[in-house]
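The chain contents come next:
Number of protein chains: 2
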Amino acid sequence: MTQVTEATQATVGDSEFDRDTAVTRRDEGVYDIDLSAGWTIISAVNGGYLLAVLGRALADALPHSDPFTISAHYLTASRPGPAVIRTDVVRTGRTLSTGQASLFQYDEDGHEVERIRVLASYGDLDSLPDDVRTTAQPPVFPPMEDCFGPQDGPTPVSGSSAITERLMLKLDPSTLGWALGAPSGKGEMRAWFGLADGRDADPLSLLLAVDALPPTAFELGISGWVPTVELTVHVRSRPAPGPLRVSITTRNLAGGFLEEDAEVWDSADRLVAQSRQLARVRLG
Amino acid sequence: MTQVTEATQATVGDSEFDRDTAVTRRDEGVYDIDLSAGWTIISAVNGGYLLAVLGRALADALPHSDPFTISAHYLTASRPGPAVIRTDVVRTGRTLSTGQASLFQYDEDGHEVERIRVLASYGDLDSLPDDVRTTAQPPVFPPMEDCFGPQDGPTPVSGSSAITERLMLKLDPSTLGWALGAPSGKGEMRAWFGLADGRDADPLSLLLAVDALPPTAFELGISGWVPTVELTVHVRSRPAPGPLRVSITTRNLAGGFLEEDAEVWDSADRLVAQSRQLARVRLG
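These protein sequence lines map, in sequence, to chains D and V. Numbered according to full-length UniProt numbering, the first sequence spans residues 1 to 284. Numbered according to full-length UniProt numbering, the second sequence spans residues 1 to 284.
These are calculated hints, taken from the structure and not from any lab test. Predicted model, so just to flag it, every value in this text is computed and none were measured. Fair warning: there could be bad hints in the mix.
[Unchecked claim] Just the calculated beta-carbon pair ranges, DEER-fashion: (1) Glu-108(D) x Ala-37(V): 50 to 58 Å; (2) Ala-44(D) x Ser-174(V): 44 to 52 Å; (3) Asp-32(V) x Ser-223(D): 48 to 56 Å; (4) Arg-94(V) x Ser-161(D): 51 to 59 Å; (5) Arg-133(D) x Arg-19(V): 38 to 46 Å; (6) Gly-110(D) x Glu-28(V): 54 to 62 Å; (7) Pro-241(D) x Ala-44(V): 36 to 44 Å; (8) Asp-124(D) x Arg-94(V): 17 to 25 Å.
[Said to hold, decoys possible] Partner residues aside, some chain D positions facing chain V, computed with beta carbon under 7 Å: (9) Thr-40; (10) Ile-41; (11) Ile-42; (12) Ser-43; (13) Ala-44; (14) Arg-79; (15) Ser-127; (16) Leu-128; (17) Leu-253; (18) Ala-254; (19) Glu-259.
Don't be surprised by glycine CBs; every beta carbon is placed ideally from N, CA and C.
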């Protein structure tokens with residue numbers, strides 16, 4: 001018997017992303033969370049998901065709710081499972097407040113091991129004036145139906161599927177050479193991005209969006225792991241409903257490190273987030 | 001009587017910049033410094049100079065000496081005079097170690113007021129492999145003799161001269177429209193950069209170089225103050241001797257904020273540092 005299911009779109013506050021980033025306040029400034037296995041690639045928990053978790057804790061701890069600029073240094077590899085976040089209010093001001101947060105997990109002896117430390121300044125995106133004098137232009141993209149996602153491949157990559165099931169990711173074919181064994185040699189990656197359950201973007205999910213595409217290193221002919229050392233995100237505007245376009249570029253692969261610069265554009269052609277990360281290249 | 005003075009070039013370790021960023025260890029991880037009035041613009045202490053001061057304290061506190069990635073959140077305005085830096089070793093590893101540092105000054109009652117908080121990962125630039133696969137090209141620049149510095153102007157700006165006496169700054173005339181009342185409308189600023197006493201660049205002085213040019217906002221027709229909220233610098237290579245070229249671009253001026261992306265190129269045409277800052281635009 002075929003069951004007809006109505007496509008219900010998840011909403012902000014009631015979605016996989018919201019449930020998996022929800023933190024429980026244990027004490028003032030201290031939060032518990034169970035890191036979901038749903039946002040892993042192979043066995044690594046996605047760095048953007050982790051940043052969103054920390055971002056949510058800071059939104060509770062600070063008087064302002066929107067991350068304007070958030071910098072994370074990744075210390076040790078996080079695993080799915082219990083974690084505790086400790087926050088510290090550094091300064092509160094009228095338009096901006098600054099906080100710090102660390103995420104810890106536990107070793108075999110139950111001792112806390114720090115995974116990530118974050119420094120962030122928060123504000124209220126809705127209070128900003130409407131002036132836009134940007135010179136940036138949206139990236140040139142084929143329409144979504146001419147782009148390709150992990151589900152369109154002949155065989156899913158073993159063990160890598162958890163996060164791809166939660167994302168709507170459609171890659172620009174001109175940045176997909178690596179998947180066909182013919183990387184372009186250009187440090188570019190572009191994709192349409194959304195959450196698989198249809199939840200619209202908000203400032204917190206932008207922290208995920210900047211780190212959810214395959215690494216630009218793949219198009220530079222590098223197939224190994226590219227762990228993030230540091231990731232800074234600027235959220236510049238509240239995103240409009242609808243799919244996002246994410247464009248990532250690398251200009252400088254040298255000395256075993258590279259930078260990845262991401263721009264996130266919303267459906268209203270507004271540049272809603274910019275990020276830069278420093279990552280290590282593990283030739284393997 | 002005319003005294004013939006031989007032009008002596010200051011060296012790394014023995015220069016104005018080194019003396020003015022020198023920190024004195026008071027206790028384990030705690031450093032004193034007297035912030036120099038020599039690095040101010042109007043009455044504000046330059047943010048790059050402050051970052052170099054914090055960077056020097058962290059180089060002492062951590063087992064590695066070179067900042068690979070350093071993120072600073074600027075909390076309150078620093079003034080020339082005494083300050084204390086408190087550092088915290090977050091994690092030490094074989095190739096990278098991570099630390100945190102805060103700079104404090106004192107209010108009228110002698111209480112500590114936090115000025116800046118920094119999170120950074122340090123390593124050893126000399127240990128990196130030589131591979132360079134960068135796609136970035138050096139900025140196109142007129143030769144130094146066709147560029148203009150603050151000393152070339154008809155009248156120095158009142159009160160703004162302290163830092164300019166310590167820098168060798170020669171601006172690309174195509175980014176100097178603002179000084180003639182005709183800003184280009186493009187968010188670009190380019191300059192030859194060095195220290196006035198001839199000291200060559202090192203990783204610490206790169207932290208100054210990324211924040212030493214006039215703000216790109218001037219070329220966007222904004223004449224007010226553009227205070228930094230957050231500044232992240234990636235040092236990618238030890239700079240070769242000789243003048244640096246610094247190229248700064250702004251793509252997104254919106255909602256009262258803008259980003260400034262700096263690239264620093266050395267005399268060997270190597271991209272030695274990249275930075276991004278989020279700054280507020282104070283119209284007025």
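Against the structure, the hints come out as follows:
| no. | hint | verdict |
| --- | --- | --- |
| 1 | Glu-108(D) x Ala-37(V): 50 to 58 Å | holds (54 Å) |
| 2 | Ala-44(D) x Ser-174(V): 44 to 52 Å | holds (45 Å) |
| 3 | Asp-32(V) x Ser-223(D): 48 to 56 Å | holds (49 Å) |
| 4 | Arg-94(V) x Ser-161(D): 51 to 59 Å | violated (33 Å) |
| 5 | Arg-133(D) x Arg-19(V): 38 to 46 Å | holds (41 Å) |
| 6 | Gly-110(D) x Glu-28(V): 54 to 62 Å | violated (28 Å) |
| 7 | Pro-241(D) x Ala-44(V): 36 to 44 Å | holds (41 Å) |
| 8 | Asp-124(D) x Arg-94(V): 17 to 25 Å | violated (43 Å) |
| 9 | Thr-40 | violated (22 Å) |
| 10 | Ile-41 | violated (22 Å) |
| 11 | Ile-42 | violated (22 Å) |
| 12 | Ser-43 | violated (20 Å) |
| 13 | Ala-44 | violated (17 Å) |
| 14 | Arg-79 | violated (17 Å) |
| 15 | Ser-127 | violated (9 Å) |
| 16 | Leu-128 | holds (4 Å) |
| 17 | Leu-253 | holds (4 Å) |
| 18 | Ala-254 | holds (4 Å) |
| 19 | Glu-259 | holds (6 Å) |
Checked against the numbered hints listed earlier, the structure breaks hints 4, 6, 8, 9, 10, 11, 12, 13, 14, 15; every other hint is satisfied.
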